[in-house]
Amino acid sequence: MPELNLLQAITSAIREEMRLDSKVVVLGEDVGHFGGVFRATQGLQEEFGEERVFDTPLSETGIIGTAIGMAIYGLKPVPEIQFADFIYPAFDQIVNELSKMRYRSAGCITCPMVIRTPFGGGIRGGHYHSQSPEAYFAHTAGVKVVIPSNPYDAKGLLTASLRDDNPVLFMEPKRLYRASRGEVPDKSYTIDLGTAATVRKGTDITVISYGAMVPLAIRAAEQAENEYGLSMEIIDLRTLIPYDVETVIHSVCKTGRAIVVHEAPKTCGFGAELAATISEKALVHLEAPVYRVTGFDTPFPYSHENHYLPTTGRIIQAAQNSLSF
Amino acid sequence: MLQVLNAEGLVQNGQSVPDLEPKEILELYRLMLLNRRIDERMIKLQRQGRIAFYVASIGEEASIIGSAAALEKTDWIVPCYRELGAALLRGFTLQEFCNQLFGNNQDTFKGRQMPNHYALPHLHYASVSSPVGTQIPHATGLALGAKLTGEKDISLVYFGDGSTSTGEFHAAANFAGSLNAPVIFLCRNNQWAISVPVDRQTANPSLASKAAAYGFEGVRVDGNDALAVYNATRDAAEYARQGNGPVFIEAYTYRLTGHSTSDDPRSYRDEEEVRLWEDRDPLKRLRLYLMSESHWNEKEDRALETEIKDAILSAIREAEAHGPPSIDTIFTDVFDEQPWNLREQQAELERSLDTMTIEQEA
Chain V
0 MPELNLLQAI TSAIREEMRL DSKVVVLGED VGHFGGVFRA TQGLQEEFGE ERVFDTPLSE
60 TGIIGTAIGM AIYGLKPVPE IQFADFIYPA FDQIVNELSK MRYRSAGCIT CPMVIRTPFG
120 GGIRGGHYHS QSPEAYFAHT AGVKVVIPSN PYDAKGLLTA SLRDDNPVLF MEPKRLYRAS
180 RGEVPDKSYT IDLGTAATVR KGTDITVISY GAMVPLAIRA AEQAENEYGL SMEIIDLRTL
240 IPYDVETVIH SVCKTGRAIV VHEAPKTCGF GAELAATISE KALVHLEAPV YRVTGFDTPF
300 PYSHENHYLP TTGRIIQAAQ NSLSF
Chain W
0 MLQVLNAEGL VQNGQSVPDL EPKEILELYR LMLLNRRIDE RMIKLQRQGR IAFYVASIGE
60 EASIIGSAAA LEKTDWIVPC YRELGAALLR GFTLQEFCNQ LFGNNQDTFK GRQMPNHYAL
120 PHLHYASVSS PVGTQIPHAT GLALGAKLTG EKDISLVYFG DGSTSTGEFH AAANFAGSLN
180 APVIFLCRNN QWAISVPVDR QTANPSLASK AAAYGFEGVR VDGNDALAVY NATRDAAEYA
240 RQGNGPVFIE AYTYRLTGHS TSDDPRSYRD EEEVRLWEDR DPLKRLRLYL MSESHWNEKE
300 DRALETEIKD AILSAIREAE AHGPPSIDTI FTDVFDEQPW NLREQQAELE RSLDTMTIEQ
360 EA
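Residue numbers (numbering that gives the first Met the number 0), protein chains in the order written: chain V, 0 to 324; chain W, 0 to 361.
What the hints contain is simulated information worked out from the structure, not anything from laboratory work. Some hints here could point you the wrong way.
[Stated by the list, open to error] Label-pair distances were calculated between CB atoms; the ranges are: (1) 252(V) to 338(W): 18 to 24 Å; (2) 197(V) to 92(W): 50 to 56 Å; (3) 89(W) to 57(V): 33 to 39 Å; (4) 338(W) to 271(V): 58 to 64 Å; (5) 1(V) to 335(W): 32 to 38 Å.
[Said to hold, decoys possible] Which bits of chain W does chain V cover? Going by a derived footprint, with three or more residues having C-beta under 8 Å, they are: (6) 46 to 53; (7) 162 to 173; (8) 255 to 263.
[Said to hold, decoys possible] Taking beta-carbon pairs under 10 Å as the criterion, some of the chain V residues facing chain W (in silico): (9) 59; (10) 227; (11) 229.
The beta-carbon is built from N, C-alpha and C at its ideal position, and this holds for glycine as well.
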C-alpha cells in the first residue's frame, strides 16, 4: 500500500471518483492547470480535461453560486475555496441557498456537492490564512461538515462525501497537508459520514477532537501517560454534522471526564455544543465539568500563533484540572 | 429601445410581429390576464387576513410571460419572486399555487415557505428565495451544466433593477462572460426597489450597458410590450444556444402596485407617475393588438374574464378547505436522511404537544 500525505490522499480521492463518475466536476481559483495553491487538484485537468476541471474568475460567491446551478442541473460539483478564511463572501450562498434548497423545495431539488477548503493555523498565515470557521456552518441546517485528521481518513471521508446526496463542507487541516503521512489504498473506499473514530483507547479521561488537533491530542496523551500515568481516550469526530453522539457519550460514560480540543475560538465553538450535549446525556456519569482547550476569543494572531493554538501542555493541564476537580 | 407595439397596440413601422400563430399570441394574453386577476384577488385575500403575504407582478406581466414564452421547455428558468406568469406558462397549476399560498396540507412544499416561494424543477423552473440577486449565479451554473454535458439547454434568470447592485449579479455576469455560458440575464427594470428608485441603484442610466463590462451584448426592450420582449428573448436564446455566450436584456417596465402587500408605494412615489404607466399597461396593449387584428373580441374577453374568475375562486375555496401540513414536515428534508438530533427534536416537540393536549383535555 503506498504511503501518501494528506494532500495526496485528497487528490487521489477526487481522481478515483472522477474516473468512476463523469458528473464530478472541479472548479475554483487556480485549480486547473496550476493544480491549486496547495496542489490538491494537481494533474486532474491533465487527465480529465478543461471541461471537468476549470479555473473560475476570482469570486467565492460566484464559485459557490455557480456550483449550485451546476448541481441543480445534475452535476456533482467540487468547488474549492482557496482558504476557509475567504469563504465568507459565499456565506449567503451556502447558508441561504445551498443548505436550504432541499428543505424549501420539499425534496424536489437537491444540491449534492462537496465544498473543499483548507483551514486552521500553524503555518504562520496570520488572520487570513489560519481561521477555523467550522462552527458557523455547523450551526446551519442542511450542510454536513466533515474534517479528516490523517491521509487514510481523508480519502475515505472525501469519497463518502462525493457520494453523499447532501451538500458537504469538507474542511482540510492544511497544517497536516504534508506533515501527516500514512498508508492509503490506491482504490476507492469510503468511511461513513457521521462515524467518529476512537483513535486511542483510555480509561481516565475522554478527549474529543478533530482535524489537526487529533495528532496533538495523541502526543498529549502519550506524554500524560509517560509522565503522570494518565490514560486518555481520544475520539476523532471526523464528522461534525451530523456527529457521532453515541461514541462520544459511550466514552464519557466510561471515563467520567471529558475535554474538547479545537483551534477555533472558545465562545460558541463546537466544543460548547459537545459540552452541552454531554451534560444533557451523561451528567450523572461526569466527575468534573467538561473542559475546553481551544483558540482564544480573539482574531487569529501572527507572531504568537503558537500561544493561540492549543498545546499538549494545555491539554494535560485541562486533564489535571478535571482529575483534581 | 426595442418596441413592436405602441401603447395603442398598433404595430410600429418596420417592426415584425413574432412568428407565432394567433392562438399562441392569444395564449400569452390569456396567461397575462390570468396572472393579473390572480394578483388582484390575492392582494384582497391578504387584506382580509386569509393569506399572510403576497408579491404581485401587476404591470410587469409582458416582461415575464413574453420572455418565458420564447424559451424551449427544457431551458431553465431561474426566478426571482415575481415570476408567477412564467410558472403558469410552464404548467404550474392555479391549484398548486393556491395551496402554496395557504401553506396547507396539499402544498407540494409542505408549508415551509411564505407565499410566492415555490420550486418547480420538473418544469425546469428553479427555486424561489427572498434574498435578491442570490439566484443569478445559479443560472450561470445551470447554463454551464448544459454546456459541459453537451446539451443544448440554456438558462434565463429574472431579477430586478435593485439586484444589479448585488455582488451576485456581478459575479454571475462575469462568470457567464468569462466561461461563455449560455445564459440570458433578464432584468425587469421596474424602476423601484421597494422605495428606492433605480437612479439610486446606479449612476448609469442604462442597465443594459452593464453587459459591456462583462464582454457581452445588452439590449433594452419595452418591457410592457409582450411581442417585443418575445422577439428580444427569442433572438438572445438563439444566440446563446449557438454557443455565442450570454446576453443581457433590460426589460423597461414599471411595478404598478407595491413591492409586496407589506408595502405602501403612495408614501414614496408620485401618483402621476403611476397613472402614466397605467396608460402603458401591457395587458391593454396586447388586447388592443389582438382586437385590431380581429383575433379577439369584447365578447370573448368577457367570457375569458368569467372563466378566470371562477377558476381562481374555486382554487381558493379548495385551498382554504385544507388544514396545515402534519407537524413532522418541520423535521424532514433537511438532509436525505434524518440525523439523530432531528429525531430527538421531533420527539421532543411531539411529547410537548401530547402534554398540551392532555392539559387542555383536563
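Hint by hint, here is what the structure shows:
1. 252(V) to 338(W): 18 to 24 Å: holds (21 Å)
2. 197(V) to 92(W): 50 to 56 Å: Given a distance of about 54 Å, which is inside 50 to 56 Å, the answer is holds.
3. 89(W) to 57(V): 33 to 39 Å: Roughly 35 Å apart at Cβ, these two residues keep to the hinted range, so it holds.
4. 338(W) to 271(V): 58 to 64 Å: Given a distance of about 19 Å, which is not inside 58 to 64 Å, the answer is violated.
5. 1(V) to 335(W): 32 to 38 Å: Given range 32 to 38 Å: holds, Cβ gap about 33 Å.
6. 46 to 53: Result for this restraint: violated, n = 0.
7. 162 to 173: holds (count 6)
8. 255 to 263: violated (count 0)
9. 59: Holds, because the Cβ-Cβ distance from residue 59(V) to chain W comes to roughly 9 Å (cut-off 10 Å).
10. 227: violated (35 Å)
11. 229: Violated. Min distance 31 Å.
Checked against the numbered hints listed earlier, the structure breaks hints 4, 6, 8, 10 and 11; every other hint is satisfied.
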